[in-house]
Amino acid sequence: MAGTGAPLCRDCLSDAPAGARRCPSCGSPRLLIHPERDALSIAHVDCDAFYAAIEKRDDPSLRDRPVIIGGGQRGVVATCCYIARTCGVRSAMPMFKARALCPEAIVVKPDMAKYAAVGRLVRARMLTLTPLVEPLSIDEAFLDLSGTQRLHHGSPAATLARFASQIERDLGITVSVGLSYCKFLAKLASDMDKPRGFTIIGRAEAKALLAPLPVGRIWGVGKVATEKLAAGGLRAIADIQARAESDMIRDFGREGQRLWRLSNGVDTRAVSPDRETRSISSETTFEQDISDAEALLPILHALCEKVAHRLKTADLAGRSVTLKLKTSDFRTKTRSRSGLRATQLAARIFPVARDLLTPELGRTLYRLIGVGVSDLVDGSDADQADLADPDLARLKATETAMDAIRAKFGGKAVVKGIGLERPRK
Amino acid sequence: MKITLERAALLKSLGHVHRVVERRTTIPILSNVLLQADGRSLLLKATDLDLEVTETVAADVGMAGGTTLPAHTLYDIVRKLPEGAQVSLDAGEDGGQLLLKSGRSRFMLQSLPESDFPDLSAGEMTHKFTLAAADLKKLIEKTQFAISNEETRYYLNGIYMHTSEIDGHSMLRAVATDGHRLARVEIPAPAGAVGMPGVIVPRKAVNEVLKLIEDAESEVTIDLSSNKIRFNFGQVVLTSKLIDGTFPDYARVIPAGNDKRLVVERSDFQRAVDRVSTISSERGRAVKMALTDGKLVLSVTNPDAGNAVEELEVDYDSTPLDIGFNARYLLDIANQLDSDTALFRLADSGSPTIIQDRDGAAALYVLMPMRV
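Taken in order, these protein sequences are the chains called Z and Y.
Residues in the first sequence are numbered from 0 upward in steps of one, following numbering that gives the first Met the number 0.
Residues in the second sequence are numbered from 0 upward in steps of one, following numbering that gives the first Met the number 0.
A few of these clues could be false.
Under the rule of at most 25 Å between Cα atoms (straight-line distance), these lysine to any residue pairs were calculated in the SDA-like manner [stated by the list, open to error]:
| id | chain 1 | residue 1 | chain 2 | residue 2 |
| --- | --- | --- | --- | --- |
| 1 | Y | Lys136 | Y | Asp358 |
| 2 | Z | Lys311 | Y | Arg370 |
| 3 | Z | Lys113 | Z | Ala99 |
| 4 | Z | Lys395 | Y | Glu150 |
| 5 | Z | Lys395 | Y | Arg370 |
| 6 | Y | Lys1 | Y | His71 |
| 7 | Z | Lys395 | Y | Leu211 |
| 8 | Z | Lys395 | Z | Arg366 |
| 9 | Y | Lys287 | Z | Ser379 |
| 10 | Y | Lys137 | Y | Thr245 |
| 11 | Z | Lys395 | Y | Lys127 |
| 12 | Y | Lys100 | Y | Gln35 |
| 13 | Z | Lys395 | Y | Ile353 |
| 14 | Z | Lys323 | Y | Leu211 |
| 15 | Z | Lys395 | Y | Asn257 |
| 16 | Y | Lys287 | Z | Lys323 |
| 17 | Y | Lys287 | Z | Asp385 |
| 18 | Z | Lys311 | Y | Met367 |
| 19 | Y | Lys127 | Y | Leu111 |
| 20 | Z | Lys323 | Z | Arg336 |
| 21 | Z | Lys311 | Z | Ile404 |
| 22 | Z | Lys395 | Y | Lys1 |
| 23 | Z | Lys395 | Y | Asp303 |
| 24 | Y | Lys259 | Z | Ala384 |
| 25 | Y | Lys203 | Y | Ile28 |
| 26 | Y | Lys240 | Y | Gly349 |
| 27 | Z | Lys395 | Y | Ala346 |
| 28 | Y | Lys137 | Y | Leu211 |
| 29 | Z | Lys395 | Y | Asp358 |
| 30 | Z | Lys323 | Y | Arg152 |
| 31 | Z | Lys395 | Z | Phe408 |
| 32 | Y | Lys287 | Z | Asp380 |
| 33 | Y | Lys11 | Y | Tyr154 |
| 34 | Z | Lys325 | Z | Asp291 |
| 35 | Z | Lys332 | Y | Glu150 |
| 36 | Y | Lys287 | Y | Ser276 |
| 37 | Y | Lys287 | Y | Arg260 |
| 38 | Z | Lys332 | Z | Val223 |
| 39 | Z | Lys395 | Y | Glu149 |
| 40 | Z | Lys395 | Y | Met369 |
Rather than coming from a laboratory, the hints here were simulated on the basis of the structure.
None of these values were measured; they are calculated from a predicted model.
Start from the sequences, fold in the hints, and give me the full structure.
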């Protein structure tokens, strides 16, 4: 094995002599050069334009054209390929805006089942590298490769480079890898050289590298927190680095300490493989903004049924229900109720969501509605017989029967009265 | 206002009313007790806006009038005065302060005007009836333990009282449930109660009512409407708002076809359950009951601690059955029973079980099993 810091070719995985610009074996310029290369073992692996990459793989005619994965007229962009990104299209952008920016784009409706299947294959490959895989979503995960040198006959950097080229060869999609000594920097690194990137951030340069970045790049700092920090004169991470830890704690409490630590490259969170599902939710954006209950309730009911179905599939039950609304001027409201009895029944989730929605109805127009169930427990604790709920047994039996019919004849085989289309007035 | 009265009488009355006053409240007047002197008596009143207690006590009234004083402070002062002392209260002309004198002690207390004190008792009462204090005590005591703490199901946070026609007799029933257990106690309905609306009396009110029943031989008169209830104990009157909600149709959860009958010696059973549950963990409080002909085996298994088994001779001749219950719930119910034996009526390991003193007893308990 070459000494620490020697270049490693990401294509043929052979070591190159120090100072080489290209791999002497295969001529590739993709050399991995970093003085701490073999000392780092926390990685973040992120698939590049995941949904779009899968669609391009399965339909070669899409290869050189801009592709956007997203819902109909009023949905949002789930993913877009790198060609579409050159036009300015971004994830989570409203579809109409994306179409305006990139009129020649091919829009593909998402096929979640297919993406989930590929995601599982990628996950399985990760688990051959280390048991310490912490998935963040269907297409990204943290990996802790500490102590795997002997097993994989190479440093974590070499193992990851091999992993990336195997995914590319076997699954036909590309990934970007970030390698560092902690989760925060590994995630930052994977995003620095997308697509097909491999970025290493070592201890030596961490602080200097963070300094010029805006505070919004820190994990968990969104719009509101950014404004709050800006009000305190903190815009770049350097501004936080310049302050004492104690001052940050005084001004922003516990969160201040977290920000100071991350800004200085200190992140002690371990990669924990069994991060459980925290919530299950479903939401939809309307073709046209809606304000009245008559139109919203059937949609809400359908979402509750979807969430209930996913709870049952995952054998989970929830004790909190959250309603999410987005107004026509893009303000998001959430309302929730907790302390419920663990349930996985749409017939139990819907009344709670409806009660949360009722006070919000009136003059406001909404463009999106969503419902989520959190505070999850094991499915075996769901809807336990309850002396204070004489209707429960009947509701449970009805829903179980409906589920059985749907499993056999399809999702629309049987619908509750509320879900039926009403004649338009 | 200017009055003099016995320390003992004042202390007893303050003892009754001051418990209603919340220790922490954002509305200053709610920390106070209302004092109104008139004729030959002093009226004391305290409230938390949901519940109000008033009491009248004999006093030597020099000048009629009223004021309000911090309830807990006043109670503590009077409590610390020597036994047999006389207490005089002098609110003066301008108000704002009150002078309390007893022996050589003098307290100048900040008061708030009586006109600011909220009044709960307004409103028409539609039904009135009188029952023995012992009966009221029984209705509350035997159901209170099953009241739920769940905030989301606020309609379970009290005792549901209603009348019902059973085999041609009108009965007054008290019911409470938290979903895991249900307690139902009945007495023959007193005249005047028949036709009353079903009402949910909040937990705090029933707790106070129990404390106010001092003499079980006495009688209590109840006035109620669809949103208030008033308990008259002679000198003390407690008025409470009712919980505005619908109590579940509990009759449907009381099983009718449980045909496996088990009779146990109550105290033996209680002690055995208590013993085996010693090793149960905080989380899993399940005790398993294995029933075979004439024999009950109680067992608890805690993977962290070990297991415990105890065998009892019982009256049981149905098909063998294994069923689990929360040990604490079993003991709560066993503690409420009166007779030497307890009757269990069971169906199967997943269905609710009925526990009573005997068939047709006034108190009936339903308990949900646990998986074991």
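Status of the hints after comparison with the structure:
1. Lys136/Y x Asp358/Y: This hinted pair holds, its Cα atoms lying about 22 Å apart.
2. Lys311/Z x Arg370/Y: Measuring from Cα to Cα gives roughly 20 Å; hence the hint holds.
3. Lys113/Z x Ala99/Z: Between Lys113/Z and Ala99/Z the Cα gap is close to 28 Å, so the pair fails against 25 Å, i.e. violated.
4. Lys395/Z x Glu150/Y: This hinted pair holds, its Cα atoms lying about 23 Å apart.
5. Lys395/Z x Arg370/Y: Answer holds: Lys395/Z to Arg370/Y is near 19 Å, not above 25 Å.
6. Lys1/Y x His71/Y: holds, 21 Å
7. Lys395/Z x Leu211/Y: violated, 44 Å
8. Lys395/Z x Arg366/Z: violated, 32 Å
9. Lys287/Y x Ser379/Z: holds, 19 Å
10. Lys137/Y x Thr245/Y: This hinted pair holds, its Cα atoms lying about 24 Å apart.
11. Lys395/Z x Lys127/Y: violated, 42 Å
12. Lys100/Y x Gln35/Y: Roughly 18 Å between the alpha carbons, so the hint for Lys100/Y and Gln35/Y holds.
13. Lys395/Z x Ile353/Y: Roughly 23 Å between the alpha carbons, so the hint for Lys395/Z and Ile353/Y holds.
14. Lys323/Z x Leu211/Y: violated, 48 Å
15. Lys395/Z x Asn257/Y: Since the Cα atoms of Lys395/Z and Asn257/Y sit roughly 22 Å apart, the hinted pair holds (cutoff 25 Å).
16. Lys287/Y x Lys323/Z: violated, 44 Å
17. Lys287/Y x Asp385/Z: Roughly 20 Å separates the two Cα atoms, so the pair holds.
18. Lys311/Z x Met367/Y: holds, 24 Å
19. Lys127/Y x Leu111/Y: Answer violated: Lys127/Y to Leu111/Y is near 35 Å, above 25 Å.
20. Lys323/Z x Arg336/Z: Holds. Lys323/Z to Arg336/Z sits at ~12 Å (cutoff 25 Å).
21. Lys311/Z x Ile404/Z: Distance ~15 Å between Lys311/Z and Ile404/Z Cα, so the pair holds.
22. Lys395/Z x Lys1/Y: violated, 67 Å
23. Lys395/Z x Asp303/Y: With Cα atoms ~35 Å apart, Lys395/Z and Asp303/Y exceed 25 Å; violated.
24. Lys259/Y x Ala384/Z: OK: Lys259/Y and Ala384/Z at ~20 Å, within 25 Å.
25. Lys203/Y x Ile28/Y: It holds: about 20 Å lies between the C-alpha atoms, which stays within 25 Å.
26. Lys240/Y x Gly349/Y: Violated, because 38 Å separates the two Cα atoms, which is more than 25 Å.
27. Lys395/Z x Ala346/Y: holds, 21 Å
28. Lys137/Y x Leu211/Y: Given that 25 Å is the threshold and the Cα spacing comes to 14 Å, the pair holds.
29. Lys395/Z x Asp358/Y: Judged against 25 Å, a Cα distance of about 32 Å means the pair is violated.
30. Lys323/Z x Arg152/Y: holds, 23 Å
31. Lys395/Z x Phe408/Z: Roughly 20 Å separates the two Cα atoms, so the pair holds.
32. Lys287/Y x Asp380/Z: Within the cut-off at roughly 19 Å; holds.
33. Lys11/Y x Tyr154/Y: violated, 33 Å
34. Lys325/Z x Asp291/Z: Holds. Lys325/Z to Asp291/Z sits at ~14 Å (cutoff 25 Å).
35. Lys332/Z x Glu150/Y: holds, 23 Å
36. Lys287/Y x Ser276/Y: Given pair Lys287/Y, Ser276/Y holds - Cα atoms ~10 Å apart, limit 25 Å.
37. Lys287/Y x Arg260/Y: holds, 17 Å
38. Lys332/Z x Val223/Z: holds, 14 Å
39. Lys395/Z x Glu149/Y: Answer holds: Lys395/Z to Glu149/Y is near 22 Å, not above 25 Å.
40. Lys395/Z x Met369/Y: The given pair, whose Cα atoms are some 19 Å apart, holds under the 25 Å limit.
Violation of the numbered hints given earlier is confined to hints 3, 7, 8, 11, 14, 16, 19, 22, 23, 26, 29, 33; the remaining hints are satisfied by the structure.
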